[in-house]
Amino acid sequence: MAGYIVRRLLQAIPVLLGTTFLIYFMVFAMPGDPIVGLFGDKTPPPQVLERIRAQYNLDQPFIVQYFIFLGGIFTGNLGTSFSGQPVSEILAATFPVTLRLAVLAVFFEMVAGITVGLVAGLRKGGIFDASALVVSLILISLPIFVIAFVAQFVFGIQLGWFRTTVGTGAPIQDLILPALVLATISFAQISRLTRASVIDTDGQDFVRTAASKGLSRSRIVPVHILRNSLIPVVTYLAVDFGVLMVGATVTEGIFNVPGVGRTLYQAIIRGEGPTVVSFVTVMVLIYLIINLLVDLLYAVLDPRIRYAK
Amino acid sequence: MSVELNGTDVDTTTSTGEAERPLLQIKDLKVAFRTQTGDVTAVDGVDITLYRGQSLAIVGESGSGKSTTAHAIINLLPGSGRITGGQILLDGEDLAKASKKDMESIRGRKIGFVPQDPMSNLNPVWSIGFQVEEAIRANGIASGRKEVKQRAIEVLKQAGLQDADRRLKQFPHQFSGGMRQRVLIGMGLAADPQLLIADEPTSALDVTVQRVILDHLESLTRELGTTLLFITHDLGLAAERAEQLVVMYKGKVVESGPSREILQNPQHPYTQRLVAAAPSLASRRIQATGSIHAAEQAIAADAATAAGDELDLIATAEARAAALEAAASAPPAIVVENLTKVFKIRGSGDFKAVDDVSFQIAKGTTTALVGESGSGKSTVAKMLLKLEDSTSGRILVGGQDLASLTGPELFKLRSRMQPVFQDPYGSLNPLRNIGNTIGEPLFTHKVGDRRSRRERVYELLDQVALPRTLIGRYPNELSGGQRQRIAIARALALKPEIVVLDEAVSALDVLVQAQILRLLADLQSELGLTYLFITHDLAVVRVIADNVCVMQKGRIVEAATTDEVFDNPKEQYTQDLLAAIPGANIELGA
Amino acid sequence: MPSNTRPDQQHYVAPLEETPLVAIDKVKAEGKPSNLWRDAWNDVRRRPMFWISAALILLVVIVALFPGWFTQTPPNNDCQLSNSNGGPVDGHPLGFTKQGCDIYSRIIHGTSTSLSVGLIVTFLVAVLGVVFGAFAGFYGGWIDSVLSRIGDIFFSIPYILAAVVVMSVLSAYRNVWVISLAIGLFAWPATARVLRAEILRVKNADFVMSATAVGVSRFRILLRHVLPNSLAPVIVITTISLASAIVAEATLSFLGVGLPSSTMSWGNDISAAQFDLRTAPQTLILPSIALSVTVLAFIMMGEVVRDALDPKARARR
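Protein chains in written order, with UniProt numbering: chain A, 1 to 309; chain B, 1 to 590; chain C, 1 to 317.
Hints were generated in silico from the structure; no laboratory data involved.
Note that the coordinates shown come from a computational prediction; the quantities given were computed from them, not determined experimentally.
We put the CB at the ideal spot given by N, CA and C, even for glycine.
Mixed in with the good hints there might be a few duds.
[Claimed, not checked] Dumping the calculated PhoX-like pairs for lysine-lysine here, alpha-carbon to alpha-carbon at most 25 Å:
| no. | chain 1 | residue 1 | chain 2 | residue 2 |
| --- | --- | --- | --- | --- |
| 1 | B | LYS101 | A | LYS124 |
| 2 | B | LYS386 | A | LYS124 |
| 3 | B | LYS146 | B | LYS27 |
| 4 | B | LYS363 | B | LYS495 |
| 5 | B | LYS252 | C | LYS203 |
| 6 | B | LYS344 | C | LYS28 |
| 7 | B | LYS412 | C | LYS32 |
| 8 | B | LYS169 | B | LYS146 |
| 9 | C | LYS26 | B | LYS352 |
| 10 | B | LYS250 | C | LYS28 |
| 11 | B | LYS110 | B | LYS149 |
| 12 | C | LYS203 | B | LYS386 |
| 13 | B | LYS250 | C | LYS203 |
[To be verified] If you only want the chain C side, here are some residues facing chain A, beta carbon under 7 Å, derived:
| no. | residue |
| --- | --- |
| 14 | LYS26 |
| 15 | ALA54 |
| 16 | LEU81 |
| 17 | SER156 |
| 18 | VAL164 |
| 19 | VAL165 |
| 20 | VAL166 |
| 21 | VAL169 |
| 22 | LEU181 |
| 23 | SER217 |
| 24 | SER288 |
| 25 | LEU296 |
| 26 | ARG316 |
Turn these sequences into a full structure, and let the hints guide you.
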């Protein structure tokens with residue numbers, strides 16, 4: 001187990017360097033003045049331009065710039081936003097909100113996705129299975145912003161069950177609707193994945209052996225089928241967080257949730273390039289960390305990895 | 001049989017004079033699987049009677065319905081399978097009509113089950129202890145954490161896991177195949193059931209392990225007085241391990257009765273075929289009569305003739321032995337000297353897969369490389385075929401050193417030496433048709449033009465006795481045996497001198513295996529081929545090989561002519577391998 | 001051993017007529033030759049879902065190629081603010097946008113944008129994914145290490161976020177090609193991973209070793225034997241990536257870093273309509289439906305293809 005963790009951590013280092021380099025390269029290896037380019041058709045005040053030039057050390061050679069940028073990330077200096085507020089400060093204020101939203105969304109999608117997938121898988125070919133397929137295919141096909149608007153329109157405006165925007169302090173009851181919206185994308189994937197996994201596991205020899213020992217179906221399903229089916233679902237969680245981040249950007253923007261996503265959303269909408277770069281970098285870092293955590297969770301679930309040399 | 005029967009353990013109610021009720025009586029059992037094109041009957045009117053304390057084996061090839069019958073008894077048919085007729089009476093109670101709940105209490109408690117493949121039958125995410133304790137709790141043998149654990153340790157110790165208390169917390173992947181099978185046997189017997197069904201319990205294991213496990217299973221069931229129903233494809237094994245035999249063919253029972261009687265005097269032509277084609281029996285027979293020739297003569301007048309010459313392994317051996325006389329003093333086709341292969345394994349250093357191996361194969365003869373999994377025999381084959389580089393040592397093929405060969409020379413050499421691999425389902429590219437597959441060597445070596453290549457493909461199809469119409473078809477329409485024929489045809493396309501047969505018949509059913517062995521023998525005498533025959537099955541070696549090299553842990557532990565190895569094995573390991581061939585203590589009809 | 005045989009267990013032999021012997025291992029190849037692709041086609045054409053999605057895809061393609069067949073109203077330059085957010089009238093079956101443009105015409109003309117982005121991205125993803133995945137999986141060793149790490153890096157940046165950065169920097173060059181490039185450059189690693197895993201599986205097959213033993217060159221083995229047998233999951237994933245690319249373009253356009261407002265795009269129209277959700281929901285809902293149905297068509301096709309090509313998926317039906 002310890003070897004596994006160390007190996008995973010070591011593997012993450014080149015990826016971490018690579019991704020930050022890639023982002024930096026995308027921004028500063030483009031034709032023209034990258035800073036002016038980042039502002040698009042806007043003309044920022046000269047002092048803002050100055051500050052950003054200083055932040056990115058554009059007078060230095062490219063590779064030196066990158067290492068200064070990298071050093072900044074590790075010392076918590078992520079640059080300043082358009083309004084002059086340090087990015088790290090904004091992050092400290094918004095991250096807890098996003099975390100709450102994400103945890104809620106993951107909870108919804110896991111509970112619903114695994115339940116639907118399990119029932120559909122155990123009753124393969126039945127009416128429930130067929131309906132679950134139709135619903136999940138439709139949900140997979142709906143872009144997140146369409147779901148968000150429809151939910152806002154139906155549940156917020158027409159039915160009035162939820163507030164259409166989130167109030168100050170982002171109370172949990174206001175986060176339910178955005179979290180449900182966020183959960184829909186991966187709900188469909190998780191339910192499909194669980195279904196496939198349940199059917200595969202149900203056909204395994206050890207399930208028959210469990211039955212031959214005299215175990216009842218009500219014990220076999222949770223202990224031998226569901227437990228084993230969760231392993232691929234957890235693997236999917238890693239990918240899921242990438243989807244969730246993009247989804248959070250759009251959802252937080254539409255529901256006005258004061259989180260990291262909305263900050264990025266507003267920066268994108270307003271064309272504040274440098275802020276966008278800072279926040280995308282932060283999100284990629286979070287994504288890498290979550291991937292590592294999921295790998296560890298995977299090892300917890302699968303003894304073959306836990307006890308591998 | 002050699003095992004002593006302890007009369008007190010067997011419940012013989014016959015002495016009371018009343019008619020004894022069989023423990024298990026299957027009457028006219030029918031099982032069908034639902035498919036897109038309608039029901040397919042897998043078991044068609046099977047009758048089996050089994051009394052307390054007896055052991056009975058169902059023998060048949062794949063698709064004969066033997067495993068389906070076993071699964072029907074405990075009502076765990078896979079997928080769309082269901083019982084469509086007949087009765088399964090366990091102590092008078094019809095299991096075919098039992099409710100789900102009743103079945104749950106019968107499984108484990110009254111009927112234990114030992115499955116086929118120890119690798120896939122334990123849940124990889126739960127510890128061994130958890131899985132044994134679960135069985136104990138479900139059958140109400142013990143309650144309370146401590147008691148259950150105590151019983152689990154008992155059960156595992158009984159199954160032959162001496163350090164059970166220490167290994168309870170370990171997971172299946174930390175156990176060897178043999179150990180896992182012991183765990184499964186322990187679980188099957190945990191609740192002391194009256195009937196134990198063992199479905200090919202050892203066919204996934206190495207031969208020497210097989211024997212140990214079967215011995216243990218046998219003595220354990222005798223001790224406990226458990227009635228044993230045993231499923232196997234190996235007639236020799238069945239006869240050795242069971243008093244009663246049921247031979248199944250295409251879902252029906254073709255012959256049943258006391259094992260020895262059936263083996264000595266098979267009546268149904270299908271049973272006769274099986275007897276003639278079983279390598280274990282053939283090798284025992286040759287052994288018993290002292291020479292192939294005598295064995296052939298002894299059996300000539302008997303059953304095997306009815307089965308037809310091509311399935312009779314002794315006839316195959318005889319035909320081969322006759323052709324051999326000429327090749328006895330031929331120069332070596334292959335010389336292997338001090339061959340070594342070291343694999344570097346991350347984290348755990350070097351692994352010597354092949355360790356200082358030397359042997360020679362005379363032109364036109366067959367040398368068998370015998371060993372269990374991990375013995376390095378396949379690695380030798382790969383190095384010989386230059387699919388893998390050697391770490392040190394020399395391989396000479398027709399006097400040429402393999403290591404010194406460069407591009408074009410190696411390319412030329414490849415045409416002189418061709419392989420046939422084990423897995424019939426992996427040996428042919430599923431997306432290329434048969435014509436292209438057999439013709440690929442010709443195309444690659446730019447032999448002839450399109451038309452002459454096509455002619456050659458036809459010729460090769462004739463040689464392996466397949467219809468020419470197959471040329472435009474794909475492998476998925478062929479059986480395992482037919483695929484191996486195609487693989488042989490491809491190997492022969494460039495008229496090689498040497499063919500490396502890497503477990504080429506191991507995955508086939510006995511009758512098909514016998515056919516292919518005959519084909520190989522005929523091709524050898526016809527084309528003067530030199531074979532390197534790699535196998536784990538010493539019984540087959542008796543029939544096909546002139547010389548034998550026994551490998552263990554990367555080294556050749558014994559090398560001699562086949563007769564010498566069988567008559568006078570010097571190494572303990574060779575003796576163990578020989579002893580593992582089933583049928584040692586059966587008197588065969590002569 | 002004493003005989004334990006009971007009277008009803010005596011030697012029984014079934015009459016030969018009951019179970020006549022069949023020739024051993026008889027060749028049973030009749031009818032048309034079949035292989036994986038033909039079997040897949042036979043499977044697919046029996047499924048209604050295939051025909052529904054195929055018809056929808058065909059419709060989308062025709063609309064994209066020949067918008068003139070479906071509407072005569074120009075999407076852009078016939079707009080009158082007096083029609084702003086207006087309902088359906090004669091000749092304008094779906095009503096008007098906030099700018100007073102014909103919604104139906106804009107949906108028709110937006111089709112080619114979505115489809116172009118989808119196709120260009122899919123092409124990029126397929127080419128990059130197959131090249132990276134095939135070389136990494138087949139050649140192994142340091143080639144695999146280098147290519148796989150590169151893939152890991154690209155995989156670690158969610159492709160829409162990456163495209164947001166690229167499109168932010170290239171704000172002056174926003175068009176269909178640039179946006180497709182921005183998405184495609186970061187979307188390929190998933191395909192490469194799937195193909196690599198499949199190639200690792202296939203390259204150890206005995207038929208590959210047989211070909212090597214015959215002397216077939218490495219590259220030819222890759223092309224003739226390994227790649228064709230590894231492509232099935234790639235086909236599935238690229239079908240689905242076409243749908244994902246269409247969604248990605250719409251999302252980027254929705255965020256304002258996609259295509260310029262002068263380009264007809266469903267994402268742009270949805271973005272423009274978002275502030276009138278209370279008053280004129282149809283301006284948002286209608287292009288959303290067009291978008292979702294198109295995506296659904298490709299998602300369904302992916303599902304059908306997966307069921308046909310993956311034997312495990314087929315068994316799950």
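How the hints compare with the structure:
Simply put, B/LYS101 and A/LYS124 have alpha-carbon atoms about 22 Å apart, close enough for the 25 Å limit, and the pair holds. In summary, the hint linking B/LYS386 to A/LYS124 is not supported, as the alpha carbons are separated by about 49 Å, beyond the 25 Å threshold. Distance hint between B/LYS146 and B/LYS27 is unfulfilled; the C-alpha atoms sit about 44 Å from each other, more than 25 Å. Among the hinted pairs, B/LYS363 with B/LYS495 is consistent with the structure: their alpha-carbon atoms are about 15 Å apart, no more than 25 Å.
Simply put, B/LYS252 and C/LYS203 have alpha-carbon atoms about 41 Å apart, too far for the 25 Å limit, and the pair is violated. This hinted pair does not check out: B/LYS344 and C/LYS28 have alpha carbons roughly 47 Å apart, beyond 25 Å. Between the alpha carbons of B/LYS412 and C/LYS32 the distance comes to roughly 38 Å, so the proposed pair goes past 25 Å and is violated. Using a Cα cut-off of 25 Å, the hinted pair B/LYS169 and B/LYS146 holds, with the two alpha carbons roughly 15 Å apart.
Note on C/LYS26 and B/LYS352: the hinted pairing is violated, with a Cα-Cα distance of about 44 Å set against a maximum of 25 Å. Between B/LYS250 and C/LYS28 the CA atoms are separated by roughly 17 Å; this keeps the pair inside 25 Å, and the hint holds. Restraint check for B/LYS110 and B/LYS149: satisfied, since their Cα atoms lie roughly 22 Å apart, inside the 25 Å limit. This hinted pair checks out: C/LYS203 and B/LYS386 have alpha carbons roughly 17 Å apart, not beyond 25 Å.
Under the criterion of a C-alpha separation no larger than 25 Å, the hint pairing B/LYS250 with C/LYS203 is inconsistent with the structure, at around 36 Å. Interface hint status for C/LYS26: violated, as the beta-carbon distance to the closest one in chain A is roughly 30 Å, over 7 Å. Interface restraint check: C/ALA54 against chain A, minimum CB-CB distance 15 Å, threshold 7 Å, status violated. Look at C/LEU81: its Cβ only gets to about 24 Å from chain A, farther than 7 Å, so that hint breaks.
With its C-beta approaching chain A no nearer than about 5 Å, C/SER156 sits inside the 7 Å limit, and its interface hint holds. Checking C/VAL164 against chain A: minimum C-beta separation of about 6 Å stays under 7 Å; hint holds. Because the smallest distance between the Cβ of C/VAL165 and any Cβ of chain A comes to about 5 Å, under 7 Å, the interface hint for this residue holds. A hinted interface residue such as C/VAL166 counts as satisfied when its beta carbon comes closer than 7 Å to some beta carbon of chain A; here the least separation is about 6 Å, so the hint holds.
The interface hint given for C/VAL169 holds, since its Cβ lies 5 Å from the closest Cβ of chain A, which is under the 7 Å cut-off. With a cut of 7 Å, the hint placing C/LEU181 at the interface with chain A is violated, because the nearest CB-to-CB distance is about 12 Å. At about 33 Å, the closest approach between the beta carbon of C/SER217 and any beta carbon in chain A exceeds 7 Å, and the interface hint on this residue is violated. About 4 Å separates the beta-carbon of C/SER288 from the nearest beta-carbon of chain A, less than 7 Å, and the hint is met.
The interface hint given for C/LEU296 holds, since its Cβ lies 4 Å from the closest Cβ of chain A, which is under the 7 Å cut-off. With a least beta-carbon distance of about 4 Å to chain A, the hint placing C/ARG316 at the interface is held under the 7 Å criterion.
Of the numbered hints stated above, those contradicted by the structure are hints 2, 3, 5, 6, 7, 9, 13, 14, 15, 16, 22, 23, listed in ascending order.
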